Amino acid sequence: MFDVQKIRKDFPILNRKVNGKPLIYFDNAATSQTPQQVIDVIVDYYTNYNANIHRGVHSLSQEATDAYEQARIKIQKHFNAKQPYEIIYTAGTTHSINLVANGFTSLLQKGDEIIVSALEHHSNIVPWQMLCARTGAELKVIPMNEDGELILSDFDELLNKNTKLVFVNHISNALGTINPIEYIIEKAHSVGAAVLVDGAQSCPHLKPDVQALDVDFYVCSAHKICGPTGVGMLYGKEEWLNKLPPYQGGGEMIAEVTFEKTTYAGLPHKFEAGTPNICGGIAFGAALDYMNRIGFEQIAKYENELLAYGTEQLLKIEALKIYGTAKEKTSVISFNVGSIHPYDIGTILDKMGIAVRTGHHCAQPIMDFYKIPGTIRASFMFYNTKEEIDTFIVALKKAIMMLS
Amino acid sequence: MTIEEVQNEIIEEFSMFEDWEERYQYMIDLGKDLPLIEEKYKTEDNIIKGCQSRVWVHANMEDDKINFSADSDAIITKGIIAILIRVFSNQHPKAILDANTDFIDKIGLKEHLSPTRANGLVSMIKQLKMYAIAYQTQLS
Chain A
1 MFDVQKIRKD
11 FPILNRKVNG
21 KPLIYFDNAA
31 TSQTPQQVID
41 VIVDYYTNYN
51 ANIHRGVHSL
61 SQEATDAYEQ
71 ARIKIQKHFN
81 AKQPYEIIYT
91 AGTTHSINLV
101 ANGFTSLLQK
111 GDEIIVSALE
121 HHSNIVPWQM
131 LCARTGAELK
141 VIPMNEDGEL
151 ILSDFDELLN
161 KNTKLVFVNH
171 ISNALGTINP
181 IEYIIEKAHS
191 VGAAVLVDGA
201 QSCPHLKPDV
211 QALDVDFYVC
221 SAHKICGPTG
231 VGMLYGKEEW
241 LNKLPPYQGG
251 GEMIAEVTFE
261 KTTYAGLPHK
271 FEAGTPNICG
281 GIAFGAALDY
291 MNRIGFEQIA
301 KYENELLAYG
311 TEQLLKIEAL
321 KIYGTAKEKT
331 SVISFNVGSI
341 HPYDIGTILD
351 KMGIAVRTGH
361 HCAQPIMDFY
371 KIPGTIRASF
381 MFYNTKEEID
391 TFIVALKKAI
401 MMLS
Chain B
1001 MTIEEVQNEI
1011 IEEFSMFEDW
1021 EERYQYMIDL
1031 GKDLPLIEEK
1041 YKTEDNIIKG
1051 CQSRVWVHAN
1061 MEDDKINFSA
1071 DSDAIITKGI
1081 IAILIRVFSN
1091 QHPKAILDAN
1101 TDFIDKIGLK
1111 EHLSPTRANG
1121 LVSMIKQLKM
1131 YAIAYQTQLS
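Sequences listed follow chains A and B, in order.
Each residue of the first sequence is one higher than the last, beginning at 1 in our numbering.
Each residue of the second sequence is one higher than the last, beginning at 1001 in our numbering.
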């Protein structure tokens, strides 16, 4: 039974006040809040078994190593990867993308083509531009329509025998559009291209099955899924991870080192140079446990209710325009009111204890498409409520009144 | 008036406000009243980097004193820059360079000094002082 009031008790931060008002946190697409169960795991790690992993023979090191590797298995099971070593711990989504983009440097040449979507976050555009600059490959873009949906017929036309890679986010951070990645993966594979899906925004709302999707790479960050910042993962099919060269050199990623030659360790260590974010990895596992206990079906169902309610209430406001009206979307509402600058509304809302994101959301191409400087983005998680939406609407009306 | 005198005048005005609403409403009104920059100066070169909203500033010097004009697409930002222009306009470059900006804290706008990326106030002050440095060099 999904009980939002019970769930809210797990999140101590939701009790705090901001500018004298109870916090209403609607910036979940930027980062999610952390439940006590995950905070406890972090405290327990530093209180009881903080040690470096994979090297010490002593007990603490073994306990830390076990917990870290157990968490990897939790992540593997969550995403249904075939092997635990197909899960590479990274510092987050951006790091994961850069790892893959870097690895493809030696696998691409002039004349090759890379496809990204018009809905991408800067972190899924810039690394590929840099890869193109290094290799001479060409970047193509799948355009979007006015609703913020990718135009798939254009994607079909972009695909050809030179297409080597396709990158697309599962869910757009700026608009909330859920992209038809099943279709994109199947089509890309039909011309022999590999596909990387950026799951930063999807993982808080749904449970991807990487084997069923047959995706080549899937990446995400723990901090969007009730975990800590600074840790994330790269899932890669074993065959692809073996093809990619190591990303960074250092300890942990080697088999043997002499000054003449170094041989690299196998997966996953080849990509995990140096002391990792051990506590972060363990807490990542705990965050997935927490979310799975609530259940992603329940989460999606409840968040869809919040989305429908929030959309309905917002559209009652005169001159309010929602950007991103895809049929398939998640609990993100990006909007503007008349000609009021989003920054002004965001500033006033903050004075009333409401956290929203304003600006271009690191997705300037999308803002350029709509010819706007940015939007106000309210993004909901399963611990938000309809009552919070009501308070938000009242505050928003007040902000509009002050600014008009 | 000296910069300090203008700052004290502003501090006194703001001390009459009882809460954030009155303060912000005043800034919004200041923003609406800000004399607009001439359209020809709203160029890429005159945009202040580091603001979430776009801010254009133009400066010119007359009788050894700098005058600023500015515009922004966000009204609260316009209000903030209207305050800054009131403080720094019609002043000698050296006075601008020597001025401190503690008054911002005293009028309850300290939050705009936080180093978040969205924030433009720090960049605005820096830009106004950059103009002062440039004109100061011309004078000496």
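Derived from the structure by calculation, the hints contain no laboratory data.
Remember, it's a predicted structure, so these values are computed and weren't measured experimentally.
Every residue gets a Cβ at the ideal spot worked out from N, C-alpha and C, and that includes glycine.
Do not take every clue at face value.
Simulated coverage check for chain A against chain B, where a stretch passes if three residues somewhere in it have a Cβ under 8 Å from a Cβ of chain B [stated by the list, open to error]:
id, stretch
1, 185-191
2, 348-358
In silico BS3-like links for lysine-lysine, alpha-carbon gap of 30 Å or less [to be verified]:
id, chain 1, residue 1, chain 2, residue 2
3, B, K1040, A, K371
4, A, K398, A, K321
5, B, K1110, A, K17
Chain B covers the stretch 348-358 of chain A, three or more CB atoms within 8 Å, holds or violated: Per the Cβ count (3), the hint holds.
Cβ contact check, 8 Å cutoff: the stretch 185-191 of chain A against chain B, three residues minimum: Not satisfied, violated; 0 residues make the cut.
Agreement of K1040 (chain B) and K371 (chain A) with the hint, judged by alpha carbon distance not exceeding 30 Å: holds, 22 Å
Hinted pair K1110 (chain B) and K17 (chain A), Cα distance within 30 Å: holds, 18 Å
Hint consistency between K398 (chain A) and K321 (chain A) [alpha-carbon to alpha-carbon, up to 30 Å]: holds, 17 Å
Hint violations for this structure: number 1 only, all remaining hints satisfied.
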